[in-house]
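Going down the list, the sequences are from chains A and B. Residue numbering for the first sequence follows the numbering used here, beginning at 1 and increasing consecutively. Residue numbering for the second sequence follows the numbering used here, beginning at 1 and increasing consecutively.
Treat the hints loosely; a few may be bogus.
[Unchecked claim] Simulated coverage check for chain B against chain A, where a stretch passes if three residues somewhere in it have a Cβ under 8 Å from a Cβ of chain A:
| hint | region |
| --- | --- |
| 1 | 62 to 75 |
| 2 | 135 to 142 |
| 3 | 183 to 190 |
Quick caveat, the hints were computed from the structure, so don't treat them as lab data. Think of the CB as a built atom: it goes at the ideal place given N, C-alpha and C, for glycine as much as any other residue.
Residue-level listing of the chains:
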Amino acid sequence: MKVVAFNLMPYKDLPADFETRYDSVWVTIPRTLYDPRKGHQYYHEYLDALETAVDLGYDAVGVNEHHSNGYGLMPSPNLMASILSRKVRHSDTTSVVVLGNSLALYNPPIRVAEEMAMLDVLSGGKFIAGFPVGTSMDTNYVYGINPSEMRERYYEAHDLVMKAWTTDEVFTWNGKYNQLRYVNTWPRTAQRPHPPVWIPGGGSVETYDFALLNDYSFSYLSFFGHKYAKKVMGPFWDRADALGKDRNPYRAGYAQFICVSETDAQAQIDYEEHVKYFFAKCMHIDPRFVEAPGYRTVASLRAGLRSQLDGTARFGKSVLDEGFGWKELVESGYVIAGSPETVREQIVEAARELHVGNLIWLFHCGSMPQHLSLKNLNLFAEGVLPHIRNLWPEWDSAPFWPSGFGDQPKPDARSDVA
Amino acid sequence: MANPTTHTYQVNARLAIDTLEAGSGEPLLFLHGAGGLAWDPYLDVLSEQRRVIAPYLPGTSKSNDISQVRDLWDLVLAYYDLLDALGVDRADVIGHSMGGMIACEMAATDPSRVGRLIAIAPAGLFDMNDPMPDIFAMRPAELARRVLVDPTSEMAKMLGAMPDDVDEQVEVLIQRLSTLNAAAKFLWPIPDKGLIRRLPRIKAPTQIIWGRQDGLIPVSYGETFRRLIPNARLEVLDQASHLVQLERLPDALKLTLQALRGPAGHAP
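My request is simple: use the sequences and hints to build the entire structure.
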């Protein structure tokens, strides 16, 4: 399988009473809580850690987009990816993933086609383009996109970006939401016909089909781990079967907090505080902003509302309110933590269960200090990565991973064999 | 209560609109608010004297989808098309909240189509010095507190009632969210879509009704409507919030029927 070292870049100094004193980590979080001097230090530490991940030979480094958010400090992930691409260009193994740009937020959307083409060229064709619909907090509440238009805007922007990437003639776009007399994006992408596309999503029925029908890789991004992800990945593969798509595990990825230490006991000593910071403070989201009316389609509502109403759905910091301690967080799969042996066993088991090829590894969690990020990255590279690389030897990752410059002879499709 | 009947009109090549109707006589159009259309005692009494036609906002009933309406202009034209389909040149129009905003747009865009206008706590403005709250970021309990003076009243319980069965709850919630989603098309992220520039175009005699304790759209907005609509009266009813026509039913009916008996706007 392939591993993306992924960092949300949270703010690490929210006050101890944050979750009781303030309404939300997102949308209305008081901006006076942000200290730019600390922010300066964290940005550079986070980038250092991601550069270390390149040195250690992870398959990719990943960043993503959030707005007015105390745990996701990349309103523009492309800025971070452009810095990382300077190092990625020299790597034989590591690509850079922007997971991604919420297409409906960009006006005009060809801005995404342009910036991602820049990243593709900067990195030397080692770039993966993520196109999320985006959360309701970011998209509807902070950026003001009308929820009744959001999906239409998203699909139209997608069609426009893809046409801009794959058309060599100047063309005119007459859409419902975008009209452009001259579409002619420079630079061209390095990869041909375009960078691989990943669709990060929270498990809406429409998103499975969209990813599958376009042969994009679907990434289930949740913070609740592999057991929770089964609810989504099961139906995803059912849809793949129904649509006649193969079960190449690289069609799918999922996000997981993983904390590696020398022993299982030491993992708790090292990471517990920082994991709890994440679930207590970073998941403290005002429920009024979680879902604008119409954010989910009727089909997805029908599939998801029941579990909300009968109380089986988990949300935010409610898991801690329910008395989740370290033991419960680990047992429920929210966090995979322990010695390299423990961790790799669980990763393999989870990956087989979910049938996923791409592991979006949340290697940083909550308030983790830099020395622990680096410890986690090093121990994983040494004691975990070599053991999970060859998990899917019969499958080719190439259709979903970067191919380098498209105008040169294609290098051999990279296989899983280390 | 009268039993309203449901009707579907193919108003133009692209759109069918569903309505609830009861009564006979001169047609009276009622445009509902963001909470959706329900046949209530206010409409019921009106239907004793007039033919009440209450269209469902596109996207809130079975025959259409909100994506079929492109923007506010498209919606206003669709409602003119509905009048055409009903064979009505000029109608008296009542609108509540979002429906009040759409009724004002209808009366301003083509003043010949609206005879008398009754706007009950209409949306459509936004005052940064007296901002209305965000109806799209509100828990049900907060919404109840904001739209009713007495959120513990029988009416409040009726409005918030939920079936016991989980599957039925799912369907009720889906209907509520779909209705709010369709409303968001015209109200997101704030309801100011330029109506303030068009209000002076309204020719119809206009009765504006507001609840003094309106917790959703401040009563100061009512004064702006009164000032900018050339032939408007504003009546502010005490001990009422945003659902003023139900909270103060007899007075709201009296004002409405009075306005409907008054002179209509210029004939087309």
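A quick look at each hint next to the structure:
1. 62 to 75: holds (count 3)
2. 135 to 142: holds (count 4)
3. 183 to 190: Coverage by chain A holds for the region 183 to 190 of chain B (5 residues, Cβ < 8 Å).
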